[in-house]
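> Could you build the full structure based on these sequences and the hints that come with them?
Just so you know, the sequences run in chain order A and B. Letter 205 of the first sequence, counting from 1, is numbered 186 in the working numbering, and no numbers are missing. Heads up, the working numbering is the position in the second sequence plus 2, with the first residue counted as 1.
I should point out that these hints are in silico values taken from the structure, not numbers from a laboratory. Treat the hints loosely; a few may be bogus.
Covered, in the sense of this in silico footprint (three residues per stretch, anywhere, with C-beta under 8 angstroms from a C-beta of chain B), are these stretches of chain A [stated by the list, open to error]: (1) -5 to 9; (2) 67 to 75; (3) 80 to 87; (4) 157 to 164.
If you only want the chain B side, here are some residues facing chain A, beta carbon under 10 angstroms, derived [unchecked claim]: (5) Gly81; (6) Ile82; (7) Ser87; (8) Phe233; (9) Lys287.
All C-beta atoms, glycine included, are put in the ideal place defined by N, C-alpha and C.
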Amino acid sequence: MVEANAIYVLVAREFKKFVRERSRLISTLARPLIWLFLVGGGMSRLVSPGMGVFSPGRGISYIQFIFPGILGMTILFSAIFSSISIIWDKEFGLMKEILVAPVSRFSIVLGKALSGTLVSAIQAAIILALFPFLGIKLSVLSVMEVVVICILLSFCIAALGIVIATFYESFESFSVIMNFVVMPMFFLSGAMYPVRTLPQILKVITRLNPFTYGIDALKHAIFRGTDILDFSLVTDLGVLLGTSAVFVVIAALMFERKK
Amino acid sequence: MPIIKVDHLYKRFGETDAVRDISFEVEQGTIFGFLGPNGAGKTTTISILCTLLSPTYGKASIHGYDCTEQSAEVRKSIGIVFQDSTLDKDLTAYENLMFHAYLYDVKKAEMRQRIDEALRFVDLYERRDDLVKKFSGGMKRRLEVARGLIHRPKVLFLDEPTIGLDPQTRAHLWDFIVDLPKKHKVTVFMTTHYMEEAEVCDRIAIIDHGRIITVGTPEELKKTMGGDVIFIGTSDNARAKDEIEKLFGVEVFEKEGELFLTSARGDACIPEIIRALGDMVLSVKLQRPTLNDVFLKMTGRAIRAEELSSGDTFKDEVRSYRRKFGRG
Ligand SMILES: Nc1ncnc2c1ncn2[C@@H]1O[C@H](COP(=O)(O)OP(=O)(O)OP(=O)(O)O)[C@@H](O)[C@H]1O
Ligand SMILES: [Mg+2]
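The following block contains the structure:
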């Protein structure tokens, strides 16, 4: 009961701040929108279907092709951002208030990961609502499937964010995390181009990136039965769940460790 | 029965020995003070007691629970106001307390009432729905004290509770800190480098460079100073000096046209001095030793040298005089 209360209040705090800081919502939604329409729109002319770079079976346009990637981008940035706010909490002291509370470290990590999951899934849902404008057709069932995958991916990324945050004490590291973790994860994931078009060495790295499997799972739900999928859905979900569990355990162990 | 027990505690950070083999006990329902300059090891000791750090060696326990082995039990028994603010500035006062109440599993039925009570206790009830970032330093500090009490801890740690506050707010904060043991049945463990603040403690440990130099009640510590200093202004210092020396058999010194002597019971000596000197007396001033004197005597330095005002310089000279002559 203590633990459930603690998890609840950690999530409630994040949600309250999320609702209060509307400017943060606008700026985090701006990025995927800009990518979708500027990059997606611009690149469409270069990689039009049938030009040979890739041939997405049923005539999928480039802007449609990157839609799962843009959903993933929304999740990646918002979930990481939410989790590494732990570094802010350390800097401003609130983390100490949480750590002296009679709550298990596991619950703290779970509460934080669920906080990131909630705000990130909400933002992904807002982006998802754009699908009819891109000429993508989804059944109600597929939309629900996408939402579930968004939640799983959000949790996985949020948990990863917590692991990263445990290594840093101050937010000077923010740009390091952005440039050396978030950006490579995004570009080496199949979000912007099919994994199979990559050189061998990058292909290997892509396979080690859990984000890749999230993007692939989204492609499964959005473009069912086309030939742009890289792995089976079972593999995708298995990797997401497995890595989530590993990240949560590592984060809890890191929190447990005292100096 | 002691509620806090610290036994040969040692903490090393790399090359720095922050706490070197300290031992002490704190009785239930008392106010215990840690008095020491910057870097003495006060915060490190508190961090070990509240389970945020583990000791290099040694043992500490609270309410019978070991701070390293039974940290969950210890955490349930304590409340803490950290040296640096740990409030969430983007939440309101009320939300900060609510957050705390959930973390400590306060019963839902009592939550609202306890929070309101705590807010009233620190005079912040009217401001409960304001964001903490709009609060002044003093209001934040008071809110943190209120937060530390919400879950009715057995021991409340206050790490420099009045830091950065104006004298009026400090006084106000102290007024309710001294009431805590009675009103909330809580044992208070506080640190400070203000001597005046340490005077409210039932017992004080003076700590310097990670070692406890001495422990006792404020009165006991001051007694080790060899008593009070009496300053006497007279119309004929030479004659008065002889008279007093004859009367008490102690040496009398002269400084800036005034005579002074030390005595265990300064207040009792004054009438006798006046009777003996009669009309010669122009002024009499009694100065009781302060904890600052105790600290100075024990360590050879003022606790906060930069804070000595010009009025203190003269006292300092008296002290160095005393030290030179090995008194007290
Ligand atoms: N996390 C840490 N890593 C390395 N050294 C530390 C750490 N925390 C404290 N120290 C060192 O330990 C010593 C004692 O520090 P501590 O914070 O306990 O002092 P303090 O008595 O609380 O001082 P202040 O009055 O300034 O708050 C200092 O020399 C400090 O530099
Ligand atoms: Mg300190």
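> Taking the hints in turn, state whether each one holds.
Okay, the hints, checked on the actual structure:
1. -5 to 9: As far as the region -5 to 9 of chain A goes, the hint holds, because 4 residues have Cβ atoms under 8 angstroms from chain B.
2. 67 to 75: Answer holds; 3 residues pass the 8 angstroms Cβ test.
3. 80 to 87: holds (count 6)
4. 157 to 164: Violated, because only 0 residues of the region 157 to 164 of chain A bring their Cβ atoms closer than 8 angstroms to Cβ atoms of chain B.
5. Gly81: 9 angstroms, holds
6. Ile82: 6 angstroms, holds
7. Ser87: With Cβ-Cβ at 6 angstroms, under 10 angstroms, it holds.
8. Phe233: For Phe233/B, the interface hint is violated, since the closest Cβ of chain A sits about 47 angstroms away, which is over 10 angstroms.
9. Lys287: Violated. Min distance 46 angstroms.
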